[in-house]
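The sequence shown begins at 0 in numbering that gives the first Met the number 0 and counts up one residue at a time.
Hints are computed from structural coordinates only; laboratory data are not their basis.
All values derive from a computational prediction rather than experimental measurement.
Please note that a few of the clues may not be correct.
[What the hints assert, rightly or not] Below, simulated DSS-like cross-link-like pairs (lysine-lysine); rule was C-alpha separation at most 25 Å, straight line:
#1 Lys132 with Lys163
#2 Lys150 with Lys132
#3 Lys146 with Lys68
#4 Lys132 with Lys167
#5 Lys146 with Lys89
#6 Lys198 with Lys163
#7 Lys150 with Lys167
#8 Lys160 with Lys150
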Amino acid sequence: MQAFRPFGSLNIEWPGKEGKHCRHPPKGYVYITFESERSIKALLMSCTHDPSNGGQWYYQVSSRRMRNKEVQIIPWALCDGNSIRCPSPKLDPSRTVFVGGLHGLINADALAHIMDDLFGGVVYAGIDTDKYKYPIGSGRVTFGNQKSFMKAVQAGFIEIKTSKFTKKVQVDPYLEDSLCSICNRIVGPYFCRDLHCFKYYCRSCWQWQHAVDAFTHHRPLTRTTKSSRPL
0 MQAFRPFGSL NIEWPGKEGK HCRHPPKGYV YITFESERSI KALLMSCTHD PSNGGQWYYQ
60 VSSRRMRNKE VQIIPWALCD GNSIRCPSPK LDPSRTVFVG GLHGLINADA LAHIMDDLFG
120 GVVYAGIDTD KYKYPIGSGR VTFGNQKSFM KAVQAGFIEI KTSKFTKKVQ VDPYLEDSLC
180 SICNRIVGPY FCRDLHCFKY YCRSCWQWQH AVDAFTHHRP LTRTTKSSRP L
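Kindly produce the complete structure, drawing on both the sequences and the hints.
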């Protein structure tokens, strides 16, 4: 990736490139981390900018195998991963929501602004990243009061519309390691987001509590999937 070295000191991670197995070829993208923000600005100034296509950036690279190939550049500053709206906030996991299906162009400040406009009371927003510190399409938002938190949970889904994209995102309670709210003896890996329950359950307590006809349609959330599934 010599094409990017003129812009400054950098580190390149190419997922799959280190593998030798022919069944797992390198991915069609790379992560480039510059030591200086000025390097990113210089790179973007050398790109072509297409405002009609969502404001995307493109840069031409050449090698022995190809000439003048246009590749898309998606800038991401590490500081964009967190947004703190209150000085030294005490982040309460019980007032935190998981937001899934985020567009890659949404940073923490934008997420905090959107959620605060809709529900109010946002004290923190964070974007989840992979081992390369790049967004993975989900985030967390913490509220300073229970009313705003519950409004967000009850919404379930919200639609984000911008000049660059329209995206429907999922909003669920943020799950943490917790004891079963019924027996208080063993870990409760299942959470019921229905307002009649809104508790953590172990498997036995879930099946006992939800054997009642009025609750059989409830579906559990788990930390591993963040999606509903029958037990």
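Hint-by-hint comparison with the structure:
1. Lys132 with Lys163: holds (23 Å)
2. Lys150 with Lys132: violated (30 Å)
3. Lys146 with Lys68: Between Lys146 and Lys68 the Cα gap is close to 52 Å, so the pair fails against 25 Å, i.e. violated.
4. Lys132 with Lys167: holds (24 Å)
5. Lys146 with Lys89: Judged against 25 Å, a Cα distance of about 17 Å means the pair holds.
6. Lys198 with Lys163: Violated, at roughly 38 Å.
7. Lys150 with Lys167: Holds, at about 17 Å.
8. Lys160 with Lys150: Within the cut-off at roughly 20 Å; holds.
Hints 2, 3, 6 from the list above are not met by this structure, while the remaining hints are.
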